[in-house]
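**Q** Work the whole structure out from these sequences, hints included.
Chain order of the listed sequences is F and A.
The first sequence begins at 30 in this note's numbering and counts up one residue at a time.
The second sequence begins at 1081 in this note's numbering and counts up one residue at a time.
Mixed in with the good hints, there may be bad ones.
[What the hints assert, rightly or not] Incomplete in silico selection of chain F near chain A, CB under 10 Å:
no.: 1; residue: L60
no.: 2; residue: D68
no.: 3; residue: I131
no.: 4; residue: M143
no.: 5; residue: V192
no.: 6; residue: A196
no.: 7; residue: L212
no.: 8; residue: S287
no.: 9; residue: K288
Rather than coming from a laboratory, the hints here were simulated on the basis of the structure.
Backbone N, C-alpha and C fix where the C-beta goes; we use that ideal spot for every residue, glycine too.
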Amino acid sequence: MTRRMQILKDILWILAIWGLVAGVLRMKMGLGATTNLSDAMPWGMWKIFNMLAGAALSTSGFMLGIIVYVFHRKQFKSLVRPAIFIAVFGYGSSLFALLFDIGLPHLFWHPVFMWNLHSFLFEVFWCVSMYFSIAALESLPVILQDRFPSIGRVIHGAVFFLVVIGATLSTLHHSSLGSLFLLTPQRLHPLWFSPMIPAQFLTSAIGGGLLFLIFVRLAYAWLHDPGLSPNAPFPTRVCCVADEKPESEKIPELPALSKLAVIAAVFLSIYLVLKVVDLIQSGSWRYLGKGDLYSWLYLIEITMAVIAPLGIVAVGAARRSKAGLTVAGLLGSLGLALNRLDVGIFGFFQDAGKIYMPSLLEWSLSLGIVAAAGIVYLFFAEHLRLFDETSEAPVITLKTIFQPPSQSWRATMGPVGARRISLIFVIMLPLAFVSLGASSGDSEGDVVKPPIALDQTRAVLKIDGDRRDVATIFEHVKHQRRLGDKQSCQVCHHIAKPDDQTTSCWQCHTKMNAKSDAFNHEKHMSWVAEEKKLDGFYPENRSCVFCHDPAGPKSAETAKSCLECHKDDMAIVKDWAYATEPDVDIRYPIPYRDAMHGLCIKCHAAKQVELGKTGMDECAHCHQQGAYVPAADEPVDVEPQVEENEAVEGSDTDSGDNP
Amino acid sequence: MSAYGILVDVTKCTGCEKCVEACTTVKKEDPKKVDTDRYNAKDGLSGRKRISILPVAEGRFARKSCLHCDEPNCAAACLVGALKKDEKTGAVLYDPKKCIGCRYCMLACTFHIPRYEWEKALPYVVKCDMCVDRQAKGDKPACVEACKYNALTFGLREDLLRKAKETISKPGSKYVQRVWGETEVGGTSLLYISDVDLSALDWPSPTTPSASKLAMPVVKATPVIGATVITSLLGINWIIKRRMKLMGGEAEEGAASDDAISHED
Chain F
30 MTRRMQILKD ILWILAIWGL VAGVLRMKMG LGATTNLSDA MPWGMWKIFN
80 MLAGAALSTS GFMLGIIVYV FHRKQFKSLV RPAIFIAVFG YGSSLFALLF
130 DIGLPHLFWH PVFMWNLHSF LFEVFWCVSM YFSIAALESL PVILQDRFPS
180 IGRVIHGAVF FLVVIGATLS TLHHSSLGSL FLLTPQRLHP LWFSPMIPAQ
230 FLTSAIGGGL LFLIFVRLAY AWLHDPGLSP NAPFPTRVCC VADEKPESEK
280 IPELPALSKL AVIAAVFLSI YLVLKVVDLI QSGSWRYLGK GDLYSWLYLI
330 EITMAVIAPL GIVAVGAARR SKAGLTVAGL LGSLGLALNR LDVGIFGFFQ
380 DAGKIYMPSL LEWSLSLGIV AAAGIVYLFF AEHLRLFDET SEAPVITLKT
430 IFQPPSQSWR ATMGPVGARR ISLIFVIMLP LAFVSLGASS GDSEGDVVKP
480 PIALDQTRAV LKIDGDRRDV ATIFEHVKHQ RRLGDKQSCQ VCHHIAKPDD
530 QTTSCWQCHT KMNAKSDAFN HEKHMSWVAE EKKLDGFYPE NRSCVFCHDP
580 AGPKSAETAK SCLECHKDDM AIVKDWAYAT EPDVDIRYPI PYRDAMHGLC
630 IKCHAAKQVE LGKTGMDECA HCHQQGAYVP AADEPVDVEP QVEENEAVEG
680 SDTDSGDNP
Chain A
1081 MSAYGILVDV TKCTGCEKCV EACTTVKKED PKKVDTDRYN AKDGLSGRKR
1131 ISILPVAEGR FARKSCLHCD EPNCAAACLV GALKKDEKTG AVLYDPKKCI
1181 GCRYCMLACT FHIPRYEWEK ALPYVVKCDM CVDRQAKGDK PACVEACKYN
1231 ALTFGLREDL LRKAKETISK PGSKYVQRVW GETEVGGTSL LYISDVDLSA
1281 LDWPSPTTPS ASKLAMPVVK ATPVIGATVI TSLLGINWII KRRMKLMGGE
1331 AEEGAASDDA ISHED
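**A** As structure tokens, this is what we get:
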């Protein structure tokens, strides 16, 4: 075994064990605690990356079947085995990942008995699981190695029909995987939503899947390239001498691979045409020029998945070279995977109004399953000579599996592998602990935050009356100064109780539903008049023309916006994690009304108990029949204040003016 | 269809959330947790909260809950048929005994309604069921009964539609001349009338057909496509084999047949 192969296998083992930890945690703690999925983004990495992308990359299994057994192109025969095993492990790992993704894994068999013939997902479930069984059947003779000749003979006889049925099922489910998104026209980003999405999914999967096979074949040759092996570390070299027969630099299938690339290019061209026609037809090409996340993703995806491979295939020399094919294969597969991520994840960000980033556990399980599939694939590739049919296939018995003469098992299990195993464990342990830590912090949702937060100097309060994490900034120090410094505490803190029992904002800022309510013209004018108080702060704020256009009438329209002066103190607080009101008008603090609403109702509820009254916290106590829209000159409603004052007289005052 | 529905008059809603309270009580959820759910999602719905009140304009509130579409996307999406439109009551009902938790309904819903019990180890989908259990006893849905301002009216959908149209077409009325839910995505059991625009509730334009209906031809085409693929593959195989026979290519083919995977020739 070469050093490259050994390193790859170590990485795969680490990922797989890490994934195992993640899988156990997921089953134990449930979806919500271990993933970053939410109501806004119900589908995440496991469905989109493992299932959608995994299935799309596995199309070579049925395509090679068609090419060899239906079109009778014998030069591709040597590629059938690797292709079918890609299908087996691609689909196998996808289905395995789905088992973790569905909320009730123990009920995964429900669709077998409970049918909804109108559901695309139902069709996908049936076609995928049936195709997986067929691919497994097709691979059976290779695995059995003539040990059970009768089984082998039956499958040999039926292989043509298996291929035809498999191809049909594949055509259906690859288009249906696209059809899943036909139900989301309002939610999926218009760059990716298309009535043609079934055909787009089918053609891109076929093209990309063939490119993936090319990449796998060449990558395997590279991994097995004996060029580096003399420098390989001692243990691997000793145990693997048998494997390092002087493999020729040339790959015998190279001509077949470049022909395969041409076939892939044909399908990718159809895909490109479908994409372009859709962009023009739906008019969504306009989004391409926007320069935002989506347009970039789209351009990158199309370049990687289609344009680059097509360009390479178009150049004869590149098409026939190992390097050209490798690059085309790699870019094509990555581009295909990115397309599926775009459709299933990125395309929904705009609708969800938030970004979904898979949790650590999602990453580890996702990659772990892929890595496990990779390990098994490599095991079969080495033991069954998937890529090297012409050579004498070694007969595998149980004995050879557990006591292989020359393979990785002894390297891992034997005394020389001890260091390797301990290395894997050293890497694994912290990762497992990190996974554990990442999954235990799920208490976020149950914390009720206090309505008022202060910064350390208490110069600014953030009032979040309704606790929506959108806080109104309350400039405490500035209020203090304007109202007359230290002597002014009692203006607001007249009841001086613990908690936030101060004069509510609305008692000074009167018109609470009007947009300009935060602005009190009279107060601004009086401050202008009393220059003394303002000298230190805003000496320029002295005359009408400072705000109003001297030429026009002095109205709100001719005045400058509040923000021009209050640059710093009117910004919306966004550091309380969840402050996403997309169309916040920055000119007035939007949560102002909500803040007061929260304060009013809370106080009313407390007061009605104190006063022995009922109904004070009912909406109708303040809001008359119909929605409450105060008239422009409505006086301050003093009634609650009177009640408050009455209550004050009765209640104790523990002095002190803690804001 | 003589199904029931609820008419929401946005001009009468004060936003007091008594309907939310009633729903919480009837569905036996923890009111404290339901109350904090308003901060967790943009529209306040959650795995415990089936109805929420959203501000749609200055001083105007509207309820957000399952609209019980006539052609529901969620029912078309569900692979086990756990979601179904009940012809008798008009409600779109969820059967937890069938659900496997694939969450396709959540993705497919135009209005972002179905929610998931994320914090549970074995979670289910949660959404409004128009209190069909109360309806069976002859009661109104809990939210309708709780509303003190007649913002919600329960009745047969046809009657409600007629009433809504009468209300908005009264001379001098300030209502927008549109009944939300009449034709959008094929019609919904919940109808809204309002004097402000309701696009905050994810309403598409009145002429938007339901995606499940648009996708129906694709569903129906599936067996046809399958049959076409099978026949064309068999046909191609037959033609090519025949041509090879005529050109004497059979010997070539026979040579390859002793490999592990091969075909019957």
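**Q** Of the numbered hints stated earlier in the document, which are not met by this structure?
**A** Violated hints (numbers, rising): 8 and 9; every other hint is consistent with the structure.
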